[in-house]
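Engineer: So the chains spell out like this:
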Amino acid sequence: MFKTPRAIFFWLVLLSVLLVFLDLPENYRLKFTVFGKSIDRVINPPTFRFSLFGSRIEKQFVTKLGLDLAGGSHVVLEADMKDVQAADRVSALESAKEVIERRVNFFGISEPVVQTSITENAYRIIVELPGVSDVSQAISLIGQTARLDFREFLSSATASATGESTPSAFIIPSIENTKSVGIIGKDLKRASISFSQNTGEPQVAIEFTSEGSKKFSDTTTRLVGQQLAIFLDDFPITAPRVDTAITDGQAVITGSFTQDAAKALSLQLNAGALPVSVSVVEQRTVEATLGKESIVKSIRGGIVGLCMVALFMVFQYGKLGIIANFALLLYGLLALGVFRLFGITLTLPGIAGFILSIGMAVDSNILIFERFKEEKRAGKPWHIAMEQGFGKAWDSIRDANVTTIMTSLILYNPANLAVLPSSGLVRGFAATLLIGVLISLFTGIVASRTFIRVLYKERSNEVTK
Amino acid sequence: MINFTKYIWLYFTISAIVLLSGAYSLVRFGLRPSIDFVGGTLVEMRVPSTILSNDISASAIAMGMEVSSVQRSGKDTFLVRTKTETDLRVTMLAQSIASGSAITVLRKETVGPVLGKELLTKAGVAAVLAIAVILLYVAYAFKSIKYGVSAIVALIHDVLVVVGMFSLFGHFYGVEVDTLFVTAVLTAMSFSVHDTIVVFDRIREYLRRDRSRPFEELVNVALTETMNRSVTNSFTIIFMLVALILMGGDTIRWFIVALLIGTISGTYSSPFIATPVLLLWHKWESRKNKG
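Going down the list, the sequences are from chains A and B.
The opening position of the first sequence corresponds to residue 1 in our numbering, with each subsequent residue numbered one higher.
The opening position of the second sequence corresponds to residue 1001 in our numbering, with each subsequent residue numbered one higher.
It should be emphasised that the hints constitute simulated quantities derived from the structure, not laboratory data.
From the three backbone atoms N, C-alpha and C, an ideal C-beta is built for every residue, glycine too.
One should not assume that every hint holds.
[Claimed, not checked] A short, non-exhaustive set of chain B residues, derived as facing chain A with CB atoms under 8 Å:
| id | residue |
| --- | --- |
| 1 | Val1070 |
| 2 | Gln1071 |
| 3 | Ser1073 |
| 4 | Val1111 |
| 5 | Ala1126 |
| 6 | Ile1134 |
| 7 | Met1165 |
| 8 | Val1185 |
| 9 | Leu1186 |
| 10 | Met1189 |
| 11 | Arg1229 |
| 12 | Phe1239 |
| 13 | Asp1250 |
[As the list claims (entries may be wrong)] SDA-like, lysine to any residue: derived pairs with alpha carbons at most 25 Å apart:
| id | chain 1 | residue 1 | chain 2 | residue 2 |
| --- | --- | --- | --- | --- |
| 14 | A | Lys376 | B | Met1001 |
| 15 | B | Lys1075 | A | Ile303 |
| 16 | A | Lys297 | B | Val1105 |
| 17 | A | Lys392 | B | Lys1075 |
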């Protein structure tokens, strides 16, 4: 399949055509008239929907833009782990993340990202809210410690409920019709999912601290036969009926839970039980218009720069320069395709990394062409000089690119080592640089060599053999 | 063949002038750290054209904010830097400068001081690690520690040039160093080595071919033959970067400037720092062996 240069050339052209479709602009309106027929349609990159081994796969090829380009808010919260035992810290952070995620989702923000980051002694939660420019309210809600509150119904509420025909009437608990019994998150030691010994159904087991046990025992003794509502962040999550007084500090919440629901509830309870307070250590908000302005400007600057590079190459190397520009075009298509395929988020530093890698892609061609000129000066026929040019330039291309690849790997920090940077900005830069350099090796060597072998002809300067 | 090595001391003098002025500025003025490193609040706002920077700082001071600078960032946009402030207070500031919704807050960043120190330490660790890996790789690829060390000397030269220049920029133009700057320095490092290796590769090739020729002559041939490529290649990158500086967004302008200085210094240092260091080392070694 890849035997002859012509075959490789064919595949490269096919690849380019495929990439053009993959790289189509998003929501771009095309309107023009050709041969008296007017064409007006909105262009979008393709979306693939197919089933693989029973699971449906939907892949949309769009470029993901970072918050600095698309606009939005970036908030870093740090958990205060002073009072948490070392062994519990990771799970405490996870629970806090769950709560924050729930709170963020409550806002109805599209595609929020909530992730944890642990470095040495810092336990952080990174929250990214695309399109949100007013974060003060969001932060005040996100930043709070999850509040767990046990509440009993006010006598008036129960009175009106029992006044109804059925004594078992279920009232939906709310802040208005209940009052706190004085048991809060701190009194809870741990909540976990367990399974009922009778029915095998999932349930949530709660364990109180010694102080909490006492309060809980007093409360349940007082409230036998009534409902005790559990609130998290002022929202009722469940309201089980107290069957008997519980004095040993252990309780189970039963109900028709699914396993996931029981797990979620225990996580929420743990979150409320955690005395982890979080504080905002970093907050960045970019108005979408500013992002849009800089992306438009940067793209324009990039295109102008690229055109100058292309002209310069033609000026320096003539026909070879044109071929190098084709290889460069393929490079651009491939890089954009890879960004879309792997969902690489493009940020401003990312674009800079990409531009730098364009420079390195051109460098491969320059190295080869300079070698080619030298070999020709030494009196070799052009096609031999060309092949040798590739061969001799390879050593320096390899060594130079290996160091760049190693540097970008260290910056990208794929193993998430705590001692190396894990900031999104540095990473964005390293990712595009790494991808760019790898692709440039392919287009600079394989593609441009094939293009030259198939397209380039030079009058032979062979004299006699 | 051009006798490049004849002017080694000229190259060193040029570098010394740039490095010393940068070093002087670094010691005297230091760098202007952005809120990324020291913490605080940065607000970029678009204001009606009648508003001047004095109006903004007066309003901020009237609100009791500790303003460190108010800077024009575009035609009608300003950057305001203060000690850490809440969103609410920033909104109040915008309203006190001009009532109604005349002012748009474009960007708002608040950073605690912990993160910056951490980032610097981590970037430092990453840089040292990268230098070690590069040193080992170059020494391995060229079968001699001399090449590795010479490449690293040029690399450190380039880093110092970029950092020194930004100290000067900071003093004269109020340019701040931020996370992006750290990224730019790391890039300059990798470009520097990338460029040096191309020159070294040529020296290695001639060494293999002809061991009898004096080393200095080999170096001169290699420099002569790679010069065209070095200049051509740097030009392509410089074209891209200059276009971005002139037309690109304001937020990345100084980042690109840092990349540009890194590229120029990186190109310069390969033939004029790394190679002379290699040559001097070689001479010193052969003298020692003789004596």
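Engineer: Sort out which numbered hints this structure fails and list those numbers smallest first.
Structural biologist: 1, 2, 3, 7, 8 and 17
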